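*Asks:* Protein chains in written order, with my numbering: chain A, 48 to 270; chain B, 48 to 270.
FYI, nobody ran anything at the bench for these hints, they're computed from the structure.
No experiment lies behind these values; they were computed from the predicted model shown.
Mixed in with the good hints, there may be bad ones.
Estimated spans, in silico, between C-beta atoms of each pair [said to hold, decoys possible]: (1) LYS204/A / ASN107/B: 51 to 59 Å; (2) THR117/B / LYS204/A: 41 to 49 Å; (3) GLU202/B / GLN118/A: 19 to 27 Å; (4) ASP130/A / GLU89/B: 35 to 43 Å; (5) GLY179/B / GLY261/A: 31 to 39 Å; (6) GLU106/A / LYS213/B: 24 to 32 Å.
Ideal Cβ placement from N, Cα and C applies to all residues, glycine included.
2 protein chains.
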Amino acid sequence: MTKKRAICILSGGMDSTLSTYIAKNENYDIIPVHFNYGQRTEKRELKAFRDICNELKLENIYEIDIPFFTQIGASALTDDTIDIPVDGIEPGVPITYVPFRNGIFLSIATAIAEKEKASALFMGVVEEDSSGYPDCTDDFISKMSKSINAGTKEETKLEIITPLVKLSKSQIVTKATTLNVKLELTWSCYKESDIACGVCDSCRLRLNGFEKAGIKDNIPYKV
Amino acid sequence: MTKKRAICILSGGMDSTLSTYIAKNENYDIIPVHFNYGQRTEKRELKAFRDICNELKLENIYEIDIPFFTQIGASALTDDTIDIPVDGIEPGVPITYVPFRNGIFLSIATAIAEKEKASALFMGVVEEDSSGYPDCTDDFISKMSKSINAGTKEETKLEIITPLVKLSKSQIVTKATTLNVKLELTWSCYKESDIACGVCDSCRLRLNGFEKAGIKDNIPYKV
């Protein structure tokens with residue numbers, strides 16, 4: 048019997064990495080998709096992606112260059128003139144929000160899924176314990192799933208699977224440890240590419256998750 | 048009073064051009080968005096886009112390069128090894144279908160709309176008298192509209208307007224003529240960039256529209 052095929056959106060952070068391991072554990076044939084979109088830590092995230100692909104022995108991989116996010120800007124991740132906030136997580140949508148990024152990522156991944164005849168698309172979005180991005184919610188994903196199945200060929204039936212959407216960061220760290228995910232290969236920092244800053248929202252969420260899970264994070268931190 | 052602002056997806060074909068003129072007639076401040084996605088007639092379509100922007104005196108324009116469609120392929124428009132069909136329109140989804148192209152275009156246009164604080168997004172999709180692409184239906188657009196409004200910031204309220212979706216090609220030609228759209232500036236041919244082939248599906252639909260409307264098409268044709 049042919050294995051079911053899944054597209055896994057894999058940034059190289061903790062969440063998308065765990066999501067990909069979960070797909071692997073569910074016995075899917077995995078096609079990972081990574082986006083280089085001009086974000087500050089683009090090269091470091093690409094290294095994390097490749098390290099994880101090597102670790103999981105994935106071969107049919109897509110590295111997709113997206114030049115237009117820096118042209119659109121309007122986010123601290125893609126516009127170098129806007130500072131990354133380091134003073135702690137605040138309510139509301141932060142300036143690191145990249146306009147409709149996950150809508151764009153899901154749409155491109157859908158095109159790849161349609162070409163590759165995949166039946167599932169895994170994405171590691173987290174709604175609860177996150178930065179408050181509007182394109183990371185269960186409601187958005189559920190609506191996109193309907194759009195995707197309406198806007199593709201009759202024979203394309205794609206299930207959008209977000210195994211982490213209702214988990215906290217500490218649950219993510221615990222589950223990753225249970226599945227022997229090599230979290231030291233992943234990269235989360237928004238600002239730095241060698242030693243993580245420890246103070247951007249993404250580092251804070253990650254460190255808080257490890258702390259609450261009672262597990263040590265083995266990547267280097269400045270702070 | 049500030050004018051309402053609209054993003055107009057403008058390929059440079061008849062449909063997107065009429066859609067943009069309709070937005071202009073409804074007194075929107077227009078921001079046109081064009082995609083260079085490695086299609087065969089990329090340069091010719093870009094010229095049509097620029098000619099129409101000049102004609103309408105549009106200044107805040109976006110020309111977006113998308114390198115990944117040729118990487119994904121799976122369409123005669125983006126893969127030179129697949130021939131463009133020239134023997135007439137057949138039932139089903141043709142090989143010129145580019146996987147989830149309109150989902151991707153709408154998502155990128157949404158990011159631009161969110162940055163530019165636009166309240167409307169015009170797209171010239173045609174459902175009835177078209178090539179049978181699944182991402183050109185009213186049902187798909189309506190579902191994407193819900194996705195877009197769920198996945199963007201609270202203050203982003205975007206109406207997706209598809210004024211042509213239920214029109215026939217002859218109605219489009221007639222309406223364009225009524226609005227003094229310079230149809231001779233537009234380009235529809237899938238294959239050629241100097242003299243239109245006259246036999247690809249896109250040329251056939253265009254020519255049939257002009258014929259039924261009883262209006263002469265003033266672009267050059269080989270056949």
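*Asks:* Hint by hint, which ones does the structure fall short of?
*Replies:* 1, 2, 5 and 6
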